[in-house]
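Undergrad: Next come the chains, spelled out residue by residue.
There are 2 protein chains.
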Amino acid sequence: MTAEEAKRIILARHPEGMPTGEDLRIESMPLPKPAVNEMLLRVIYLSLDPYMRGRMSPARSYTKGVTPGDTMVGATIAEVMESNLAGFAPGDIVLSYSGWQTHALSDGKGVVKLDPSQAPVTTALGVLGMPGFTAYVGLLEHGRPKAGETVVVSAASGAVGQVVGQIAKIMGCRAVGIAGAEDKCRMVTEEFGFDAAVNYKEPDFRDRLKAACPSGIDIYFENVGGDVFRAVIPLLNDFARIPVCGRIAHYNDTDLPEGPDRLPQFMGLVLTKRLSVRGFIQFDHLDRMPDFRRDMAKWIREGKVHYREDIVQGIDNTVDAFRGLLTGRNRGKLIMQFANDPTK
Amino acid sequence: MTAEEAKRIILARHPEGMPTGEDLRIESMPLPKPAVNEMLLRVIYLSLDPYMRGRMSPARSYTKGVTPGDTMVGATIAEVMESNLAGFAPGDIVLSYSGWQTHALSDGKGVVKLDPSQAPVTTALGVLGMPGFTAYVGLLEHGRPKAGETVVVSAASGAVGQVVGQIAKIMGCRAVGIAGAEDKCRMVTEEFGFDAAVNYKEPDFRDRLKAACPSGIDIYFENVGGDVFRAVIPLLNDFARIPVCGRIAHYNDTDLPEGPDRLPQFMGLVLTKRLSVRGFIQFDHLDRMPDFRRDMAKWIREGKVHYREDIVQGIDNTVDAFRGLLTGRNRGKLIMQFANDPTK
Chain A
30 MTAEEAKRII LARHPEGMPT GEDLRIESMP LPKPAVNEML LRVIYLSLDP YMRGRMSPAR
90 SYTKGVTPGD TMVGATIAEV MESNLAGFAP GDIVLSYSGW QTHALSDGKG VVKLDPSQAP
150 VTTALGVLGM PGFTAYVGLL EHGRPKAGET VVVSAASGAV GQVVGQIAKI MGCRAVGIAG
210 AEDKCRMVTE EFGFDAAVNY KEPDFRDRLK AACPSGIDIY FENVGGDVFR AVIPLLNDFA
270 RIPVCGRIAH YNDTDLPEGP DRLPQFMGLV LTKRLSVRGF IQFDHLDRMP DFRRDMAKWI
330 REGKVHYRED IVQGIDNTVD AFRGLLTGRN RGKLIMQFAN DPTK
Chain B
30 MTAEEAKRII LARHPEGMPT GEDLRIESMP LPKPAVNEML LRVIYLSLDP YMRGRMSPAR
90 SYTKGVTPGD TMVGATIAEV MESNLAGFAP GDIVLSYSGW QTHALSDGKG VVKLDPSQAP
150 VTTALGVLGM PGFTAYVGLL EHGRPKAGET VVVSAASGAV GQVVGQIAKI MGCRAVGIAG
210 AEDKCRMVTE EFGFDAAVNY KEPDFRDRLK AACPSGIDIY FENVGGDVFR AVIPLLNDFA
270 RIPVCGRIAH YNDTDLPEGP DRLPQFMGLV LTKRLSVRGF IQFDHLDRMP DFRRDMAKWI
330 REGKVHYRED IVQGIDNTVD AFRGLLTGRN RGKLIMQFAN DPTK
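Chains as they are written, first to last, in my numbering: chain A, 30 to 373; chain B, 30 to 373.
Simulated from the structure, these hints should not be mistaken for laboratory data. One or more of the hints may lead you astray.
Each pair may be met inside one copy or between any two copies, as identical chains are not told apart.
To be verified - Pairs of lysine to aspartate or glutamate, EDC-like flavour, derived with a Cα cap of 20 Å: (1) LYS175 x ASP313; (2) LYS175 x ASP233; (3) LYS198 x ASP339; (4) LYS302 x ASP313; (5) LYS302 x ASP282; (6) LYS93 x ASP267; (7) LYS62 x ASP99; (8) LYS327 x GLU220; (9) LYS62 x ASP290; (10) LYS373 x ASP284.
Build out the structure end to end from the sequences listed, making use of the hints.
TA: Next comes the structure, spelled out in structure tokens:
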């Protein structure tokens with residue numbers, strides 16, 4: 030076979046706050062050997078997503094966390110190196126859930142062969158994958174946009190946010206993005222066609238957000254929490270919907286934030302404005318996956334949905350890139366590349 | 030005519046915190062004279078409801094507040110004394126929105142004639158009226174109960190809460206009530222047939238609530254807020270629904286409560302547990318009124334829904350009774366009686 034170097038990143042311990050290289054430790058490993066009914070995958074791309082911070086935590090979340098000592102989990106695009114498995118042959122490009130490592134064994138369960146002639150394979154981690162599907166079900170199922178309504182999305186240049194605003198435009202809504210840098214705001218309006226974008230780091234952010242939403246906010250797609258959420262609340266219209274997809278501003282929280290306690294006031298607004306606040310996880314809605322695949326492929330073909338990827342090279346840079354994701358350093362969907370992409 | 034004494038209660042000024050007799054001033058008035066196309070009503074019963082605290086406040090709510098100097102608003106059962114209006118004759122018993130006064134003129138708009146042979150007329154203010162309808166739409170539309178689920182309702186012995194639990198039972202759910210006194214808890218289980226009731230004033234309330242909900246909470250019908258809401262949160266199951274109907278613990282709040290700020294943590298649970306939190310006001314759902322009337326009349330006839338009224342005599346006692354409503358002094362649906370009920 031090959032003398033390739035194999036590496037993986039394990040969760041050495043649960044991080045307190047921002048994860049470090051001590052929490053997520055890189056180690057070399059022997060190149061695994063596939064047994065009968067197994068195949069060996071070489072990971073080309075690893076998706077880095079905010080939800081992964083939850084998997085590093087011992088606190089209850091919507092699914093089991095990673096046990097210290099285990100390899101960090103994550104969606105990957107991989108090339109089959111060796112296969113003892115019917116249906117998979119060396120050179121096949123697959124979507125797998127191989128995690129933060131350069132090589133992995135697989136019994137084929139949950140592995141999907143990709144056709145590189147249909148779309149760039151990285152889109153299976155982004156606009157045509159979990160982040161795109163998250164935007165689709167969150168906005169359509171929970172947001173229920175009607176033409177003419179105003180949709181605001183936070184983390185608007187991110188993997189999910191960029192898709193939310195573009196679907197909102199397709200539905201005839203006004204799309205307003207919130208992001209944390211001027212160039213991200215430009216990306217949101219110029220590349221993704223949002224009607225407006227507002228930088229939450231500007232001192233007059235609240236005024237700008239209000240100006241960008243002259244008819245108030247009908248749907249707030251929540252990715253962030255914190256100050257951004259607090260700025261949105263007073264602009265919500267009666268009957269506004271808040272699909273809660275993420276809260277990246279809080280993923281490193283270690284204590285409850287200082288008071289006053291804003292929960293009672295918020296629940297008061299929920300009542301008087303008849304707000305609908307609903308948390309969702311894309312995997313609860315897999316019945317919508319065929320609709321998503323059909324619609325999104327069509328929208329991309331028609332030039333109605335664009336996407337932007339931020340590809341970082343080398344497994345050694347993974348932890349740093351993930352830290353950057355939590356602080357907004359990436360520009361578009363963050364993807365690690367560990368090996369040459371033979372489809373390019 | 031008659032030499033009856035006529036009185037009304039005006040909102041003299043916006044209350045700060047708990048309303049007093051200085052905020053809500055009783056005054057005598059001349060007996061009004063109906064003009065052409067008007068009728069004179071003698072108010073027999075006035076409904077007192079927690080939402081009225083909102084009407085006394087200058088803060089934004091879901092509908093216009095009462096202007097200082099004006100008579101306090103509210104639903105009433107009245108007898109027609111004189112009528113210059115086609116379709117209404119002296120002696121008719123009507124449901125009107127005449128407010129906190131003993132007599133009122135009406136042009137007939139929004140006034141509904143009642144048939145005392147069908148049901149006691151007071152039920153039009155309670156189980157067959159706005160509170161019953163609130164319970165019906167909140168639980169069925171927003172709670173979407175499924176047989177076998179656990180429904181928890183706060184202010185369980187109140188006008189809305191008592192109906193919520195009984196509809197939950199009809200839907201095949203486990204019904205658990207939260208109330209603030211031992212006799213209220215007994216009323217909830219013995220008169221209304223809830224499976225369990227828990228007194229939130231007991232020091233081990235949280236443990237008792239947990240014991241009463243061995244399978245967690247699938248629907249929390251929120252009437253109260255405050256400590257009760259905080260005790261419910263950790264028991265919520267994945268996909269739990271929270272119809273937000275009222276927040277009586279906060280209606281007299283003048284400042285934001287002390288920290289820590291619990292809003293971010295709550296939004297975190299909304300996400301990880303995929304909670305659905307939705308405020309509602311019954312008048313947004315009037316399309317369901319015919320269904321409600323049909324179902325509720327049937328349930329009462331079949332003995333599946335019982336109700337309890339707390340009738341206080343005399344307009345001079347109205348402000349005190351309303352203060353009692355905000356502190357939980359009433360037992361069942363609170364109704365003021367200002368005149369003899371000729372249907373009894």
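Undergrad: Compare the structure with each hint and give your call.
TA: Tested hints:
| no. | hint | verdict |
| --- | --- | --- |
| 1 | LYS175 x ASP313 | between (23 Å within a copy, 18 Å between copies) |
| 2 | LYS175 x ASP233 | neither (29 Å within a copy, 47 Å between copies) |
| 3 | LYS198 x ASP339 | neither (24 Å within a copy, 54 Å between copies) |
| 4 | LYS302 x ASP313 | between (28 Å within a copy, 11 Å between copies) |
| 5 | LYS302 x ASP282 | between (29 Å within a copy, 18 Å between copies) |
| 6 | LYS93 x ASP267 | between (37 Å within a copy, 14 Å between copies) |
| 7 | LYS62 x ASP99 | within (19 Å within a copy, 84 Å between copies) |
| 8 | LYS327 x GLU220 | within (18 Å within a copy, 59 Å between copies) |
| 9 | LYS62 x ASP290 | neither (55 Å within a copy, 52 Å between copies) |
| 10 | LYS373 x ASP284 | neither (46 Å within a copy, 61 Å between copies) |
In terms of the numbered hints stated before, the structure departs from hints 2, 3, 9 and 10, listed from lowest to highest.
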